[in-house]
Amino acid sequence: EAGVVQSPRYKIIEKKQPVAFWCNPISGHNTLYWYLQNLGQGPELLIRYENEEAVDDSQLPKDRFSAERLKGVDSTLKIQPAELGDSAVYLCASSFEGNEQFFGPGTRLTVL
Amino acid sequence: GDSVTQMEGPVTLSEEAFLTINCTYTATGYPSLFWYVQYPGEGLQLLLKATKADDKGSNKGFEATYRKETTSFHLEKGSVQVSDSAVYFCALSDQAPGKLIFGQGTTLQVKP
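Protein sequences, first through last, are from chains A and B. Mapping of the first sequence onto our numbering: residues 709 to 820, in sequence order. Mapping of the second sequence onto our numbering: residues 14 to 125, in sequence order.
One chain only, chain A, in its complex shape (with noise of 0.2 Å):
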């Protein structure tokens, strides 16, 4: 059975440029999730997913991020324009009906 697929698995854009995340969860997976995980730390939830809609978007920081998961499938999470400060790796999970979270291996963005 394949797991959560993520890409790019890297990418290195300037600042201010617009960039996107792409996340396809295990099958039947009904809740995904976004996580941010900066250099030494824990990750830290962006937003949760049941089915299409968006159940818990507090910590996204909406005047930069945005995400979708129009057909409750897969889900991309966008950032436009970036800042040097959002360099760091972001994590998909998934799960049923929010039970154990399985994750991506992660895209590690490196903004310059």
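Calculated directly from the structure, the hints in this document are not laboratory data. Accuracy of the hints is not assured; some may be wrong.
[What the hints assert, rightly or not] Partial pick of chain A residues on the chain B-facing surface, computed with a CB cut under 10 Å:
| # | residue |
| --- | --- |
| 1 | 712 |
| 2 | 741 |
| 3 | 743 |
| 4 | 750 |
| 5 | 751 |
| 6 | 752 |
| 7 | 753 |
| 8 | 764 |
| 9 | 806 |
| 10 | 807 |
| 11 | 812 |
[What the hints assert, rightly or not] Result set (DSSO-like, lysine-lysine): computed pairs, CA atoms no more than 30 Å apart in a straight line:
| # | chain 1 | residue 1 | chain 2 | residue 2 |
| --- | --- | --- | --- | --- |
| 12 | B | 112 | A | 779 |
| 13 | B | 65 | B | 81 |
| 14 | A | 719 | B | 112 |
| 15 | A | 724 | A | 786 |
| 16 | A | 786 | B | 112 |
| 17 | A | 770 | B | 112 |
Because the structure is a prediction, the values reported are computed rather than measured. Ideal Cβ placement from N, Cα and C applies to all residues, glycine included.
Given chain A, work out where chain B should sit, using these hints.
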């Protein structure tokens, strides 16, 4: 708010040594507690969990006991191997189903 505190790393041990990684938490309710492991270049994997006081979670020779009186969930292993070298994260899930709050992670290096 809820939080998790882990001992600072890196922790460097020789093969077959005894491992303890301390984890304490603050929560308003009765959280479930988790240990995740992150091997180099991979996503986080659930190592073990405990859902109520005095429960012991165990997996792959690792174990941790949910201690409500000391609000702790220390990770232990009797004999570490080089392959155990990774970053270990303690986490809790409390108010919102599926919402994980992580500690900052502890890097374990095991030398042959």
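At a threshold of 10 Å, is the proposed contact between residue 764/A and chain B supported by beta-carbon distances?
-> holds (6 Å)
Has the given pair, residue 786/A with residue 112/B, been kept, meaning a C-alpha gap of at most 30 Å?
-> holds (21 Å)
With a cut-off of 30 Å on the C-alpha distance, tell me whether residue 770/A and residue 112/B pass.
-> Cα-Cα ~19 Å, so holds.
Cut-off 10 Å, beta-carbon criterion: hint that residue 743/A touches chain B = It holds, given that the least Cβ distance between residue 743/A and chain B is near 8 Å, below 10 Å.
Hint consistency between residue 719/A and residue 112/B [alpha-carbon to alpha-carbon, up to 30 Å] = Holds. Residue 719/A to residue 112/B sits at ~27 Å (cutoff 30 Å).
Does the interface hint hold: is residue 812/A within less than 10 Å of chain B, judged Cβ to Cβ?
-> Result: holds, 5 Å to nearest chain B Cβ.
Closest C-beta approach of residue 807/A to chain B relative to 10 Å, hint status | holds (7 Å)
Is the shortest C-beta separation between residue 741/A and chain B less than 10 Å?
-> holds (7 Å)
Hint validity - residue 751/A Cβ closer than 10 Å to any chain B Cβ = holds (5 Å)
Take the C-alpha atoms of residue 112/B and residue 779/A, compute the straight-line distance between them, and say whether it is at most 30 Å.
-> holds (22 Å)
Closer than 10 Å between Cβ atoms is the bar; does residue 806/A clear it against chain B? Give me holds or violated.
-> Constraint on residue 806/A satisfied, holds at 3 Å.
Against chain B, run the beta carbon of residue 753/A and see if the smallest gap drops under 10 Å.
-> Since chain B brings a Cβ to about 6 Å from residue 753/A, closer than 10 Å, the hint holds.
Of the hints listed earlier, there is not a single one the structure fails to meet.
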